[in-house]
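Asks: The primary structure of each chain is shown beneath.
Protein chains: 2
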Amino acid sequence: MPLSRTVRCTCIKISIRPINPRYLEKLEIIPASHSCPHAEIIATMKKKGEKRCLNPESKAIKNLLKAVRKERSKRSP
Amino acid sequence: MPLSRTVRCTCIKISIRPINPRYLEKLEIIPASHSCPHAEIIATMKKKGEKRCLNPESKAIKNLLKAVRKERSKRSP
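If you read the protein sequences in the order shown, they are chains A and B.
Going by the numbering used here, 48 is the number at position 61 of the first sequence; the sequence numbering is gapless.
Going by the numbering used here, 16 is the number at position 29 of the second sequence; the sequence numbering is gapless.
Bound conformation, chain A alone (with noise of 0.2 Å):
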C-alpha cells in the first residue's frame, strides 16, 4: 500500500488586490512538485516584508512579471 502524499502547499489564500511593482521586495515562484501539485507566486512586499501569494494563471501576474523583469531603477544614469 502506497504511503499518502501530503499536500504542503505555501499559499493558503490567494491575494486578489493588484500588486504595484514599485512596493514589491521580490516575487518567488515555485513550480508544481510532490508536495504541491500546482505553482505558487509569493510576493514579498518591502513593507514590513509582508507576503502575498498571487494567482500564477491570472493576467495580472503575467504583466506584473513584465513590468519587473523589464523595469530599471529611475535613479540609475
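Note that these hints are calculated values from the structure, not bench results.
Because identical chains share one entry, a pair is satisfied inside a single copy or across any pair of copies.
Each computed DSS-like pair below joins lysine-lysine, with the alpha-carbon atoms no more than 25 Å apart:
no.: 1; residue 1: Lys57; residue 2: Lys0
no.: 2; residue 1: Lys0; residue 2: Lys35
no.: 3; residue 1: Lys34; residue 2: Lys0
no.: 4; residue 1: Lys0; residue 2: Lys13
no.: 5; residue 1: Lys0; residue 2: Lys46
no.: 6; residue 1: Lys49; residue 2: Lys34
no.: 7; residue 1: Lys0; residue 2: Lys53
Given chain A's structure and the hints, the job is docking chain B onto it.
Replies: Just chain B now, with coordinates in the frame of chain A:
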C-alpha cells in the same frame, strides 16, 4: 556632498545554460532598486540547491516563466 551609493547586485555572473523546469526548485525575481539598477532573476535548482543567475530580458526566461506558471504536477489527478 551626497553619500555615494554602493551598487550591490546579488548576481555577479549570468548563466547562459538553459534551465530545465523539471529540475527547478524555485525562481526569485528581484526588481531594480537603489542597490541594484536592474532586475535580477535567481534560479535555485533542486540538485544541491545550486543557484544560477539568469538574464531577465532573455526570451528563454520569458518562456521559462510561462512554463513554470502553467505547469501542473504530472502526478496530480
